[in-house]
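Chemist: Based on the sequences and whatever the hints tell you, model everything.
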Amino acid sequence: MQTLALWLVVGVALAFDFVNGFHDAANSIATVVSTRVLSPRFAVAWAAFFNFVAFLVFGTHVADTIANDVVQQNVISIGLIFAALVGAITWSLITFFLGLPTSSSHALIGGMAGAAVAKAGFGVLVWEGLRTIAVFIVVAPLAGLAASFILMIVVMWSVHRSEKVEPLNRGFRRMQLVSAGAYSLGHGANDAQKTMGVILALLIATGEVSKGSDVPLWVVLSAHTAIALGTLTGGWRIVKTMGSKLTRLKPVSGVCAESAAAGMLFFTSAYGVPVSTTHTITGGIVGVGASQRLAAVRWGVARRVVWAWAFTIPGAAIMAAAAYGIVSVFS
Amino acid sequence: MMDRRALFFLGSAALCLVLVPVTPADLRWFTLALAVVYVVLAIGSALDNWSRSREGRSDH
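Residue numbers (my numbering), protein chains in the order written: chain A, 1 to 331; chain B, 1 to 60.
Hint data in this document are derived by calculation from the structure and do not stem from the laboratory. Everything hinted at is true.
Not everything, but these chain A residues come out facing chain B in the computed CB check (under 10 Å):
hint: 1; residue: Glu128
hint: 2; residue: Arg131
hint: 3; residue: Thr132
hint: 4; residue: Ala134
hint: 5; residue: Val135
hint: 6; residue: Leu142
hint: 7; residue: Ala143
hint: 8; residue: Leu145
hint: 9; residue: Ala146
hint: 10; residue: Ala147
hint: 11; residue: Phe149
hint: 12; residue: Ile153
hint: 13; residue: Phe267
hint: 14; residue: Val273
hint: 15; residue: Ala290
Ideal placement from N, C-alpha and C gives every residue a C-beta, glycine not left out.
Modeler: Right under this line is the structure:
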């Protein structure tokens with residue numbers, strides 16, 4: 001019975017990862033599609049490929065953080081992880097319908113914390129790990145913003161005397177392939193590892209793997225496959241839906257925003273800090289907008305991101321605590 | 001009057017500085033460096049705004 005429950009919850013975690021890829025695909029391919037560098041079909045395949053190969057480039061530091069530095073290992077159980085995932089999914093759905101640009105990563109962390117508190121109180125939270133995550137909720141978008149602003153200024157200074165505008169535009173259109181690929185690599189590395197972390201915590205709790213062991217290869221491969229399949233499935237639909245709504249970024253802005261966000265995701269993945277990929281690219285886009293003039297930035301969107309910063313972790317935590325209450329009745 | 005972009009960068013620098021003490025020790029350098037970058041950007045933005053307004057006045 002326990003084995004069945006374990007695999008069921010692993011399935012739910014992979015479904016969460018799939019939805020993450022489905023939802024976030026547009027972040028990495030919006031610019032290459034809107035500037036017609038690639039067709040939506042090829043752009044989605046491009047992003048999915050880099051989502052998948054991320055495991056070859058980055059370690060599993062983010063997964064270790066999720067598994068060990070959010071809640072104490074001794075309270076983790078199948079029911080707790082299930083409640084955490086239900087809380088994160090419920091919060092993501094509510095904010096999706098409210099139109100809030102929420103982060104599924106923060107929802108997952110909030111869900112784990114909320115379910116653990118419902119089970120054993122605040123004493124089981126690993127405050128050091130949660131503090132790092134909380135600091136980088138703010139720092140990651142700010143770093144993306146500063147990096148993309150500086151990149152834009154450097155590029156504008158370098159090319160403003162050039163009279164060969166057309167070759168320059170062609171060059172930046174091609175460079176978008178590299179920057180979109182790099183961003184997808186960072187997205188795959190940071191987001192797929194969150195699911196790996198949840199599954200690792202579950203496997204340790206049920207005694208399937210010992211504490212302190214590496215993430216099993218099948219977990220790594222299945223998490224990357226799930227996020228890549230989500231990108232492949234959802235990205236295509238989302239790009240088609242977004243069609244006319246896409247922000248008309250110029251190739252040069254797209255390259256700067258994506259490169260800045262990719263750099264931030266590489267850095268945080270190397271240090272094992274789980275961050276919101278959506279908020280990081282939002283920071284990058286605000287940065288390129290601010291390099292033109294402050295009024296070019298859609299501050300309404302930026303304000304909504306700040307609201308999402310503030311409410312996602314407590315919101316998902318409350319949902320997960322309620323879910324744990326229901327789960328504990330049946331367990 | 002100071003331009004809004006410089007004020008935004010100064011606010012971001014202040015936010016990063018507030019976060020420095022609560023950032024874990026191994027990553028504190030990053031938050032601090034980000035605060036310094038934002039201060040530099042604020043100064044650059046204010047100087048850019050000042051030179052543009054001077055150009056505007058001299059045109060008249």
